[in-house]
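Enquirer: Next come the chains, spelled out residue by residue.
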Amino acid sequence: MSEEHHINYVKVWAWLVGLLCVSVAGPMFEIKVVTLITAFGIAGVKAYMVAKNFMHINIAPRFVAYMVTTGLVFMLLFFAGAAPDVMEPKGENWFKPGWHEVDIQGAEKELEEGIFFKDQVDH
Amino acid sequence: MIESLVPAASTYAGDIDDLFTLIFVLVGFWFVLSEAIFFWLILRFRKKPGVAGQHITGEKKEEKRWITWPHLLVLVCDVFIIVGAVTVWYDIKQHLPPAQETVRIVSQQWAWTFVHPGPDGELDTPDDVTKMNELHVKVGTLYHYKLESKDVLHDFSVPVFRLKQDSIPGRVITGWFEPTMTGEWDIQCAEICGIGHALMGARIFIETPEQHAAWLAEHGAVSVAALTPPAVEE
Amino acid sequence: MAEAVPITHDEHEGHAGHTGIRSWLFSTDHKVIAMQYMFTGMAMALVGGFFAYVFRTQIAFPGMSVPGYGMVGPNEYNALVTNHGAIMIFWVAMPVLIAAFGNFLIPLMLGCDDMVFPRINRLSYQIFLLSAVVLLTSFFVEGGAFGGAWTIYPPLSAKAEYNLTGPGSTIFVLAIALEFVAFLLGGINFVTTAMNSRAPGMKLYDMPMVVWMIVIASILFMASVGPLIAGAVMLLFDQNLGTAFFDPDRGGDPVLWQHLFWFFGHPEVYVVLLPAIGITADVITVFARKKLFAYRTVLYTVIATGVLSFTVWAHHQFISGVDPRMAHVFTVTTLLISIPIAEMMFVFIATLYGGSITLSTPMLWALSFIATFLIGGVTGIFLGASGEDIYMHDTYFVLAHFHYTFYPIAIVGTFAGLTYWFPKMFGRMMDDRLGKVHFWLSIIPFNMIFLPLFVLGLAGQQRRIYDYTLFPDLDLPWMWALRQLATISLWVMLGAQLIFLYNFFKSLVSGEKAGKNPWKANTLEWTTESPPPHGNWSELPTVYRGPYEYSVEGRDEDYWPQNEPA
Amino acid sequence: MSGRPIATTRSASGMPTGLLAVWWVIVSEIVIFGGLLGSYIMYRLAHDAWTAEAAHTNTWIGAFNTLVLLSSSLAAVLAHRAAEAGDGRKAHHLLWWTFAGGVTFLCVKAVEWSIEIRAGYTLASNTFWSFYYTAAGLHALHVLAGIIIIAIVARSAIRNLELHRVELIGVYWHFVDVVWIFLFPLLYIAK
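Residue numbers (this note's numbering), protein chains in the order written: chain A, 1497 to 1619; chain B, 140 to 373; chain C, 3 to 568; chain D, 17 to 207.
If you are wondering where the hints come from, they were derived from the structure by calculation, not from laboratory data.
There is no bait here: all hints are sound.
From chain C, some residues computed to sit far from chain B (all C-beta separations above 12 Å): (1) W26; (2) L48; (3) S67; (4) M73; (5) I122; (6) N242; (7) G308; (8) P447; (9) Q486; (10) S491; (11) L503; (12) E541.
Calculated cross-link-like contacts (lysine to aspartate or glutamate; reagent style EDC-like; alpha-carbon spacing at most 20 Å): (13) B:K285 - A:E1584; (14) B:K186 - C:E559; (15) B:K285 - B:D263; (16) B:K270 - B:E240; (17) D:K207 - A:E1526; (18) C:K522 - C:E551; (19) B:K285 - A:E1588; (20) A:K1586 - C:D251; (21) B:K187 - C:E555; (22) B:K187 - C:D558; (23) C:K205 - B:E198; (24) B:K199 - C:E551; (25) B:K187 - C:D560; (26) B:K186 - C:E551; (27) B:K203 - C:E551; (28) B:K186 - C:D558; (29) B:K270 - B:E323.
Glycine is no exception: its CB is placed at the ideal position from the N, C-alpha and C atoms.
Here chain A stands alone, though its shape is the one from the complex (with noise of 0.2 Å):
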């Protein structure tokens, strides 16, 4: 491990922090796509320069990033295979009735309604 002596800490430090400017102030101008760039963007950019010039990733030995990466690729997995019943409101043949702006008080109620309703999908 030799590079490393040649980063420069303290700048990488103020590129976060420059960063992190950004991400506050992205929500300012109102604007979903540009809050959602500012935000998770930003977020995968710092944690990127963290992970390469802090913790030394790209030094270490090659199977590292492997690894770390398989944990992230499982996750997107995990994430692909239950979003489709779990995220979605309504799918093929089903529906949640009760998952419309739910709120604790009104969910009681919903779920009546869930139980005895009237019929809302049509096929």
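Since the structure of chain A is already known, use the hints to place chains B, C and D on it.
Expert: For chains B, C and D alone, kept in the frame of chain A given last:
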């Protein structure tokens, strides 16, 4: 094969039994073959005085093909099974043929509530007939069921239909079946639902249209009162 | 080349010299920890087996007062079934196959003196022991043990008014969470040891299969258990702090738990399968005096299985809530898994070709693993096929299927390994004749238990019912005959285990002394004394070749130890 | 640990055993947080109503905590460099800065939570808040564990002992930092 154990009383019971036979034949072939070779090798290569084992790495191509070819053939069989499984699944669970009548099935700890459409054939009308643990259907009629649960997971299972569907609280699940022969059989709860899981048996009565009409006439009047939600709650 | 082991390991209490139960309990020596895992696992196996005896008797003779237990109520029945499953998988299969064999074999087979983190290793066992105790306490709390199946599906598990075992269900989730922590610590230890501490000259491809398998299993476990740990926290909060993660009335979704659970639950099957496969590979090669057929192919198929196993979990949920369109994807991936597994079986069969087979007790177990696991494998195809699962799901067919996988794994695999490494573990040979009697009295009743259950499953008998007289269609005489046949076979099989226990302890004290290498095997553990001294070798070995060089032409010996210079 | 087994001193993989283990810990942590945050994202996308709830989180406190963690990470990595140079005393000082960062983070969290709980946003009031407290709480536990280990490592570092541990705890600390980098937009910014 399954039919010799349980009668097949729905339009798609036959498909499932055929799929079973298909898989049984394909898989059975490989099973018998490999077990036969396996035991033959054990007998053939028992330790004999003066006969040493051979040094085979299995890394050479001509050796490897002894396992490569079989497993490619297994892959072919898999394709057939996948095609069969996917088509059967699509017909039963995904594709909904238009309904002639619709029943609502509400599961709770530990009983089934079946809401039958009354003589007018429409659900959620005053003449609906609500019954606990008794589902009455007409033979040769295509039913949709609306499956709901009040508390925990249950599973609406009718072995003679080869039908199973979990009921999930907070979801309304629609499915279909079409009875093909008259009779009286079990409805099970096939998802553990607490202490009374074993008590969640119900009966399905598949009747001729005449019998069904008679049954409706008999119970319709009573259950108009019982239709109001509180009555179903109990 | 070889490093000399320092005489005094002050990290290593409880080695030769120190005696007494305390130093044994708190030892950091990998062999001692392996034995602790082994005996804890065996004890839990007796508990799980007793549960099976109780509820099988209740199924076959409902309402009869079970000798040694008494009447079985529905709530007790559910609790027994639930905990039988949880115990056999989490407190028997995993500790014995992964932790016990892993701890004992990895350092010995890699030619090093201990695990890389002995104290973490000890901590992992202590947490595991704690988890076992915690689980058992749930039988003595108010309301009794949790009875909602080992899959702990909410809302049943989340609300006390549904499961009526409030404290029990919380303790159950806690125990499982603790057990996961123990195996995370252990797994990190195994993987790091195998990656870093191999003997000089030992390449990755020189590692014995069983080490590879335990390492891959540990990796699978680490990569899959995370979501369930998160899920366990969420469930505990739902149970005790009034959150609504899985409560549909308040915006949660019970199906999320099923995904969190099975994303771990399916790889878990391979986590316990792989060590058994590895043990089989090692035993077969030794007693067939054959090189393992296509070593690398086996390895690649196993890795393929491991990766695939992360893409198939929802086949457990075909009819329990997963969207119908998703079922197609999971059917395809599920049936694809049959390819690597089939290839694995073919490899084992091919390994027998041209061998010189001795049917010793370990060999019998290893061979019967292949013969019976094949049944478990092929019946899995029926359930993986979504269309067929509509009928099969949650019937006794499923139950028989996974017992045909788990029994070969957890019982047959364990006995293969135990009878094979017993001389190395305790320095004495086991009685071969008693061993064979035990084998036949275990394997024949096992098949007589579960083959009838396949038929009952096809006849539509659903699971977790304590009294089938409640279902007219399942109340037929021939069905009762099959149920009773299964139960009586179970009694025989459990009885046969007494033969093993007798043999085990008799051989422990009076078995004939085993030399360094009674089986004439290649792997490194056989190059040290039996049982290995503290630090394993006075001088750590160096490796010159792979583990499976048997019957090499032009040698008068038909084996070639890994550490023997060319 | 004078009696460290020879096994621990070997490194066939070309990576020191301790560091390798830390990376495996991180992988298993990734899937733990991944499962939790994955569930959160699914629910969040399903319930627009949560935007209203999320509006009550305080972006500025979150941003300040991010700044604190980033800075403590800087101190940690500088400590690692010092340790590699063999300067245990300097590593020791820098580690205490990291420690201070961790403590500050936890104190700020405590204040923030007490404000929110007093405002009536408790663990059980809504599933958004359930996730908010669960995810942030799980992360806070990692911070807590981190600072304890940092204290231990720093104490041995000043005596120039076990300097390799400075890198290990550093890598772990950066991971905790990265987790927060994702928690911050998920819980505070997306409104």
